[in-house]
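Going down the list, the protein sequences come from chains P and W.
Here this note's numbering = 1-based position in the first sequence + 569.
For the second sequence, position 178 (counting from the first letter as 1) is numbered 176 according to this note's numbering, and the numbering increases by one without interruption.
Worth flagging that the hints you see were computed from the coordinates, not collected in a lab.
One thing to keep in mind: the hints can contain errors.
Cross-link-like lysine-lysine pairs, in silico, DSSO-like; alpha carbons within 27 Å at most [what the hints assert, rightly or not]:
id, chain 1, residue 1, chain 2, residue 2
1, W, K588, W, K461
2, P, K759, W, K525
3, P, K763, W, K461
4, W, K473, W, K507
What follows is a set of in silico ranges between Cβ atoms, one per label pair, in the way DEER data are often shown [said to hold, decoys possible]:
id, chain 1, residue 1, chain 2, residue 2, range
5, W, K581, P, S644, 34 to 42 Å
6, P, L694, W, F465, 28 to 36 Å
7, P, Q631, W, Q574, 29 to 37 Å
For every residue, glycine included, the Cβ atom is placed at its ideal position computed from N, Cα and C.
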Amino acid sequence: MDSSTKTAPAKCRACHRPMGSPLFCDHCHSLYPSEGLNHFELFGFPPAFDIDPAALRQKYLQLSRGVHPDHHAASPESTDSLRLSAQLNEAHRVLLDPVLRAEYLLELFGGPAASADKGTLEGVLATALQLREDVCDAQATGDRPALDRCAARVRQLHEELLAGIGELARQLPGDPQVRRRLRATLNSIKYYQKLLGEL
Amino acid sequence: MTEETIIGIDLGTTFSLVAHVDEAGAHVIRDERGDGRVPSVIGITPAAAGARPQVTIGWPAREHAIENARTTVYSVKRLIGKGWEDIRRDLPFLAYAVTPGPRDTLQVEIDGRRYTPEEVSATILRALRERAEQHLGRPVHKAVLTVPAYFDDAQRQATRTAGAAAGLEVVRIVNEPTAAALAYGIGLRARPGRAGPVAGVPQDRPEAGLPGRVALPTPTCPTTGGQFQAQTASGETVAVFDLGGGTFDVSILRLEDGVFQVLSTTGDTHLGGDDFDHALIQLVTDEVRDQFGVSISAPATKQALRSMAESVKIRLSEQHTAEIELDLGRERVYRRTITRGEFEQLIGPLVERTLGSCEQALRDARLTPADLAQVILVGGSTRIPLVRRRVGEFFGRPPYTALNPDEVVAIGAAIQAAILSGRQPDMLLLDVTPLSLGIETMGGAMGKLIVRNTTIPCRATEKFTTFVDGQTAIKFNVLQGERELAADCRSLAEFILDGVPPMPAGMPKIEVEFLIDANGILNVSAKELRSGKQAGIQIIPNHGLTRAEVQRITRESIEFAQADIDAHRRIDLRNQVEFDAHKTEQMLAKVGHLLEPAERERIERDIAALRKLAQETEDLDELHRALTAFGHGTLHLAELGIREALVQRDPAP
């Protein structure tokens, strides 16, 4: 997959000046609806797991300034602006979060999708079930130290899986085995995310 | 002036304000007494049979609330976009009658006539619009309105409808805490290099590196004396704690070089100063019943009790005790002294509820109190000492109180209006949706499509298909809320996809797009994927008004529609008076020496008299006649002026 083919048109169709972004013209503020661009292309990043958070934020704010409906309130492009802005916000949300980012990358590189492969890493289901029971017990008896121990354990397991996801996602596109393993890790981390949300 | 003015309006539960931005900065438009607040109260006096009722708005309505208890409507913001079940616990405290309307809406009933909360709000908005028009000397058609951040879709739509009914195009709905942060943040940027001691602001922050460019002149905020603090350019995270007359919000925002990014927001659209009043009213009602065996049900007594509770609450912010006295008639008088401590005990649980929301907002933003640079208090109820103390304790720092809590939201709305006018291209406001959005799934669960605190605009899509061969319509229920069960969430509307081509079950594929715009309002569209055609979609709202009802209230205002026409005519006439008077003065300066002294003096007197009349008279026909007469009386002068101009341009040989 080659991201360089789908970058900005060289010149703005409206004012014929060179364009710095695929979404809008810096000079005349014309908008370029970009249904076809994936999240990485939208930001001008290569499709890779590692992203510099500062660069992501800077780019996000720069693009937002160009497309946000507040800056196109009176123009006939307000509908384009609304959609572009929604697309940009979604792309930012996905790229900001390592799990969503890995999930999205895996999809870009052909999956398997969560609906097609529901496998989890060995032992995760049993561990998560046991932890859930422990949490319920601790909550029922109001045992604060036990609850804290559970929380620490869940956080640690979550961190371990997160590290695994990073390691595998960096190998993408990788062989089918890497992709299946990433799929299983992504499926697994959901159990710990849910537990963390409840703690 | 080519650019159309957009005003900023804070439509509050107790008070409403209007502000705008001009060359001098953002400021609230005040009445002749210097007060920016218009009480959100209207009095509807029944007129003779067949005629329309007379309406009073603002201070006059509030001042006569006790004698006109049944016909005075207040706190209507607590009713807008709400259903019967939502306001049940308010009913005993309301002196006016509220009845359920169609589709789980509410209506105010006065003298057998029913009014929607949208109509009542529109009446207040119209008064604010007129205040702005008189101040600016030109018609106003566009506004930014603020709403509590935690308002759901129905409440936002209803507020927008109220704006339309007041003849205002609502160009944006902004969340109140976000507007407050805008006013606060602009203040920061506007005064680089000026540091002064303000409570709760660390003094050791470097000021170098602040953007030298000033986005907007300093907003005028009388209580602050312009003492905004300069902060670091690398940004800071703040919490806005907004406790108003009827609603509560807390938002966590990141402010950075012109970017205002909301990280999380939460609140309660039914918690505010009114509830503190209710706690006092409940106490008095119980004690009156115990001591005198009397239950308070007469609307006038209820209203008197309400006014008394409000003033006791306000006094207890200043002093440690307050006297309560209530005349029950037949020489029975209820008297007691209440201490601040007793009052704090009454409202304690409500204040604790706000802190629970603060905890939630921090958790959603993945922050702790230590990560915050400032806690900003907004809304009149944050003047209560207990609120300040508990908020300070919760966040571990004295809250920032230098902004006028009544005016800061309107100022922010005006700044947002300036952004929308294209005057602030470097500023960026990124807000979030306060509630998760989803659809009811099989089995009555809430299937989330967009989670709360997602940056808006945002969108999600969902594919639908048929379950029965030949099925041509699909129905689904759109929900807002955080609970697992659909029944516990707010149902916004039922959507019916119709005109689905008859095919075997499961064959049609219809993609529905849920798009939340920058106002936080949902837009839904549907597409049949096989044909690529837009699918028909019918929306049956579970709250709010139908299109026909919106048109009706837009067409007929509660008060005489004549009043609207008069307001515009008055503005036009006054402008014409000023224009003619000014032109005549210029002419006098140029060619006055050519007139007989007596005629010159008469014209000078005429100018003064016309200006005086324009300021004083309400009789527009009289003013029109005077303007015409003035034109005749200055005809000779005008002729001289024209002749002189011709002579100068083309000197006779």
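Exercise. Checked against the structure, which of the hints given earlier come out wrong?
Worked result: Violated hints: 1, 2 and 7; rest satisfied.
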